[in-house]
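S.K.: These are the residues of each chain, in order.
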Amino acid sequence: MSEHELEHLLGGFAADTLTPDEQQRLYAAALQDQRLFDALADEQALKELLADPAVRRRLLEALQQPVTQAAEQTSPWWAWFRKPAGLAVTGGLAVALIALTFGTRIFQEGLDRHTRSVVTEEPVSPSAMSSSPSSAPPPAPLASEPATNANANGTPQSQRAKQAASRETRAARPRTDATDQAPAGESSQPAEHARVSEDRARVTETPRPPAPAAAPMLKPAPSALSGAAAPAPVNSARALYFGGVSPSTGAGTRTEGNTGAAASVTLLGLRYSFVIRGSDGQNQEVSAATASRSTGPVRLLVETTHDGYLQLLQNLGSAGTRLWWPPQETGKISLKAVARTRVEIPMPPPAESGLLDLVLRFSPKPFGPLTMQEVGMLDRFSGNLLIETVSPDGTTGAREFATYVMNSDASPAAQIAVDIPVSR
Amino acid sequence: MTRLAMQRDLMLTSLRERILAFATSRVSRDLAEDLTQEVLVLLHEKYARVTDLTELVPLAFQILRFQMLDAHRKSLRRGEYHQDAIEDLPLADPGDDPATQLDQKQRVDRLLAAVGQLGGRCRDLFRWKLEGHSFPEIRKIMGQTSINTIYTWDLRCRKQLLSLMGGTWE
Numbered sequence: 002m003s004e005h006e007l008e009h010l011l012g013g014f015a016a017d018t019l020t021p022d023e024q025q026r027l028y029a030a031a032l033q034d035q036r037l038f039d040a041l042a043d044e045q046a047l048k049e050l051l052a053d054p055a056v057r058r059r060l061l062e063a064l065q066q067p068v069t070q071a072a073e074q075t076s077p078w079w080a081w082f083r084k085p086a087g088l089a090v091t092g093g094l095a096v097a098l099i100a101l102t103f104g105t106r107i108f109q110e111g112l113d114r115h116t117r118s119v120v121t122e123e124p125v126s127p128s129a130m131s132s133s134p135s136s137a138p139p140p141a142p143l144a145s146e147p148a149t150n151a152n153a154n155g156t157p158q159s160q161r162a163k164q165a166a167s168r169e170t171r172a173a174r175p176r177t178d179a180t181d182q183a184p185a186g187e188s189s190q191p192a193e194h195a196r197v198s199e200d201r202a203r204v205t206e207t208p209r210p211p212a213p214a215a216a217p218m219l220k221p222a223p224s225a226l227s228g229a230a231a232p233a234p235v236n237s238a239r240a241l242y243f244g245g246v247s248p249s250t251g252a253g254t255r256t257e258g259n260t261g262a263a264a265s266v267t268l269l270g271l272r273y274s275f276v277i278r279g280s281d282g283q284n285q286e287v288s289a290a291t292a293s294r295s296t297g298p299v300r301l302l303v304e305t306t307h308d309g310y311l312q313l314l315q316n317l318g319s320a321g322t323r324l325w326w327p328p329q330e331t332g333k334i335s336l337k338a339v340a341r342t343r344v345e346i347p348m349p350p351p352a353e354s355g356l357l358d359l360v361l362r363f364s365p366k367p368f369g370p371l372t373m374q375e376v377g378m379l380d381r382f383s384g385n386l387l388i389e390t391v392s393p394d395g396t397t398g399a400r401e402f403a404t405y406v407m408n409s410d411a412s413p414a415a416q417i418a419v420d421i422p423v424s425r
Numbered sequence: 006m007t008r009l010a011m012q013r014d015l016m017l018t019s020l021r022e023r024i025l026a027f028a029t030s031r032v033s034r035d036l037a038e039d040l041t042q043e044v045l046v047l048l049h050e051k052y053a054r055v056t057d058l059t060e061l062v063p064l065a066f067q068i069l070r071f072q073m074l075d076a077h078r079k080s081l082r083r084g085e086y087h088q089d090a091i092e093d094l095p096l097a098d099p100g101d102d103p104a105t106q107l108d109q110k111q112r113v114d115r116l117l118a119a120v121g122q123l124g125g126r127c128r129d130l131f132r133w134k135l136e137g138h139s140f141p142e143i144r145k146i147m148g149q150t151s152i153n154t155i156y157t158w159d160l161r162c163r164k165q166l167l168s169l170m171g172g173t174w175e
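Residue numbers (this note's numbering), protein chains in the order written: chain H, 2 to 425; chain G, 6 to 175.
The hints are simulated quantities; they were obtained by calculation from the structure and are not laboratory data. Beta carbons: idealized from backbone N, C-alpha and C, even for Gly. Everything hinted at is true.
Straight-line Cα separation of at most 20 Å, EDC-like style, residue types lysine to aspartate or glutamate; simulated pairs:
| # | chain 1 | residue 1 | chain 2 | residue 2 |
| --- | --- | --- | --- | --- |
| 1 | G | Lys-145 | H | Asp-17 |
| 2 | G | Lys-164 | H | Glu-44 |
| 3 | G | Lys-110 | H | Glu-49 |
| 4 | G | Lys-110 | H | Asp-53 |
| 5 | G | Lys-164 | H | Glu-8 |
| 6 | G | Lys-164 | H | Asp-39 |
| 7 | G | Lys-110 | G | Asp-75 |
| 8 | G | Lys-145 | H | Asp-22 |
| 9 | G | Lys-164 | H | Glu-49 |
| 10 | H | Lys-48 | G | Asp-75 |
| 11 | G | Lys-164 | G | Asp-129 |
Here are the computed distance ranges between Cβ atoms for each label pair:
| # | chain 1 | residue 1 | chain 2 | residue 2 | range |
| --- | --- | --- | --- | --- | --- |
| 12 | G | Asp-14 | H | Gln-66 | 44 to 52 Å |
| 13 | G | Gln-109 | H | Leu-101 | 53 to 61 Å |
| 14 | H | Gln-35 | G | Phe-71 | 20 to 28 Å |
| 15 | G | Gln-109 | H | Pro-21 | 25 to 33 Å |
| 16 | H | Gln-66 | G | Lys-79 | 39 to 47 Å |
| 17 | G | Gln-109 | H | Gln-66 | 18 to 26 Å |
| 18 | H | Leu-101 | G | Ile-146 | 47 to 55 Å |
| 19 | H | Ala-52 | G | Arg-78 | 17 to 25 Å |
Using the sequences and the hints given, assemble the complete structure.
M.R.: In structure tokens, the structure reads:
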């Protein structure tokens, strides 16, 4: 046993229970080690205490008591937290409480995110479509039409995507409303349309009965339906705009007589396109990208389904929003548009940031003065919009660069506010 | 000079060195030398027959403690700590004075309270030691194969008890 280990015998020295051998080694070491000697000298005080028979008896009586009882008598209640077990339990409870609090929140957010992703999925499956051929909607007109870019707005801007997401979540109501107005020929739909209606109704918490959706389907997948090989949409904003029958005359053709589907007549809608003057002096519809790159004058061609009032706002970014059309010299906030009659609106110059972001508004009733608060709430008029951008299709020879916007809300107070981002 | 006497002289020499060093760490150098001298005088004159190491060393500790306490009491009486008039101080009592008795009682109370806060193993160890069991016996009682385990446990318990006592046995 080393000198350091001899310190272990100090307890026996005070209690005077060392064996002769232990005593011999301890005292011999103490004579050589000052530190051990000092420790023994200090221990002498305890040794004196323990040498008293009365004190020893009292100590033995105290030690006879159970541990818990003695601890309860000497330790306050909060001393429990100072013990390792108490600390572990307290820490565990705290961690569990924090995990429960944040976990619940994260789970709820995840649930909401999952629900949104379910809603934005394409609900129409080919198998379901083929399983009910007798109830298939009339796709023929659109199948031969120019390829449709089924993007929510046909533009890649993230802002538009955001609008599409919010529009999707509120898609149950427009589709159901449109179903009520749908013709008999379009009233029967595949079963999963009803299922999708249920899903969307669940999201919007609107207890509407699942309806055979004859209304236009939102097509958020940009590439799913583009091109001639892609199946034509059964219903679209364009089909609704033309009352379910596609015009065969192509772009630039008046469509007043094309009222084959009375159902869409009640829905508010408009069609807009960008036109430039071609080399032959004729107006020519171009895409938004082409319009943004054009050095010549570009005009916005707008046509509506109803008589109503139009106005064009320009988003100037941090500078706010201004009324671009009607022009200030007219002294009017909006100008009347006749149904199925095109209105040409000159394009404003881009903002200082170089971006050209427009908001086209259409309402059956005249607009009132536009306040900053209303500008910030324009999104509420775009929640029920069905937007479809159409581009020329080489296989059909049709030429049309246009965007169709339909408000599936058939209420009299419905109006349209569609964002037209044009990057320059 | 016999062999036992020579061994005793060697032990006393070592003891003097250790006692002087210990006393110097607690009191002044002069007083430490006086204390050491008084301890050795007692060991030489009064306990001349004690020659065994296991008796001589604990006896030296005991005498040293008495001498230090006595020196402390003398200092108090002489007013070395408090410059009081000598007329105000009581006469010396050869027995334990009330202050010493109170100090003894308080130390016992503190020890009882500290023992009550020990864990189960330490309480058992302390109890068995008070009952007179040696470490090898305690090893058997606790069912341990190594005596070092008992030494380690006892050292830890002693440190815990000392901590509960406030760091000193006094």
